[in-house]
Amino acid sequence: MIFHQISLSLGQSHTPPSTPQTQPTALSTTHFTPKSSSPASSKSPRSPSSQVWVREQQRRAFLKHLNSWSLDHDSSPYFHGKISIAPRASWSGLSLELGKSISCILTDSTFTDARRVVVIRLFPPQGDHMDTGQGQKEHNRQDSQDIFSFRTLNIKDVKESSEAVECLPNAQPRHGKHRSGAYKLVIRCGSGWMSARDYFNKLHFSNLHTRQIARPSSSHNRNLDEVIADRSGTLGATPHSRDTVAIQPLFHPFTRLPPELQEHILFTATSLFGTYNLCHDNQLFPQPKSQSTQPVQSCISLSTLLLISRRLNHTLTSYIFASTTFHFGLTGFTNFLWQVGPSNRPRIRRLTFHFGKLALLHCIRWLAPDHVFELFEPPVVTKPLSLQYFWRCQIQDLAQEVHLQTLTVDVRGVPTKDLRMVVRILKAAFGGVERVQFVETETDGRVRVLGEEDERVDMAREESWREMCRGYFERYRRYQYLMRFELLGRELEALEERVEGTVGFDD
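Position 130 of the sequence shown, counted from 1, bears residue number 130 in full-length UniProt numbering, the numbering being contiguous throughout.
A portion of the hints provided could be inaccurate.
Across the chosen pairs, the derived CB separations fall in these ranges [what the hints assert, rightly or not]:
#: 1; residue 1: P259; residue 2: E452; range: 50 to 60 Å
#: 2; residue 1: C299; residue 2: V381; range: 33 to 43 Å
#: 3; residue 1: Q57; residue 2: T268; range: 45 to 55 Å
Hints are computed from structural coordinates only; laboratory data are not their basis. Beta carbons: idealized from backbone N, C-alpha and C, even for Gly.
When you get a sec, could you build the whole thing from the sequences and use the hints?
Next comes the structure, spelled out in structure tokens:
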């Protein structure tokens, strides 16, 4: 095998080489070093335009890494601001690489203009490396544009060993190639380095202390914001937005808290302390008027709470429906049962109803058994008229899927003689009821639980359907919106004729 050595000089004319006088008898290995390599063997361009392009590519790559850090880091719960690459760092001779000291401008958003120069070091996720296939692709794509190496690797050698990936030219981790872990950022503080979280906390409390001891502004004493703005002005113009990355508290550390603490925080945000009020009529369910007893306004809705994450939804949904008492008035109950879905309806364990003086009419229209409803059939204006029967079938089918541990009835405004039939209808409407509780809501919003000694609780003891329907007819037979037209103003014998022979009344 014959080898010819060819020397090329860029920018100069050259002639074809002459035939060598002697031929080598053995293959000699020549070692090249960066110092001995000719300009042709180095890919680093000498033109200023190419150097500017290199700096721009480094700046973009470092900003991607910095942005990845800002989206997943051990954030400070107090600091809001942004960090920018200092202009002198972007165009100086220092390289913008991971692990190197880089000058940046840190801005605190709590002031009008609070900038300071900091020196940072950004490290990639620990223990994460690109696999061999990814390294080969990176090498193939960048080989023609690699301006940092003084030698060219043979891609066959890379295939033979996965460790060769670490030796690829410009082995900077690229954005998006780390499959786990998080970036680490440290900031120069005195003669040492401090984690970004500790540095931001220290900066926040330092500014907070300065605000507390600062004297009120006067003609001879400017406020702290103006002083900091003047100091920031010495750094020059505000960094460009393309070189800036926002820093703010992240929500992901919340998911690392114990589940009990997560639930307490979320319930505090939603004001969900065991009750959820879906009764928007203050006449039926008065709310506290004093500031001390008035419930705190919810920051987020229950639906927003369950949309935070899939894991929180799975963890909290069953707990919320099982431990929360839902309050309803005359409207909204059917819509609630429909929206919670078939998987959550069996989880509902506690319901409270505030029906007021129309409690019995409402129960007969929508919740009473068919034989009781067909006996009185209170008129309802719907278009079309059959819509009433559809709504009634819908609410009864949905309610049968609910098995309650505690059914609470608010006796506020409910006629005492109607309580017996109201309770009987409600117990029959649901799939199961373990316990019935009676409460009374005061005008000021306070709720009082009624004991067994209360007369109204004693009046709520059940009777047969025949006896309760007879009492309802005697009390309301002259009210047209409470009775069907055939029974309006009639005597008790007319009711007995309809009841006689009907299945379900003699229970």
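So, against the hints stated earlier in the document, which numbers end up violated here? Of the numbered hints given earlier, the structure breaks just one, which is hint 1.
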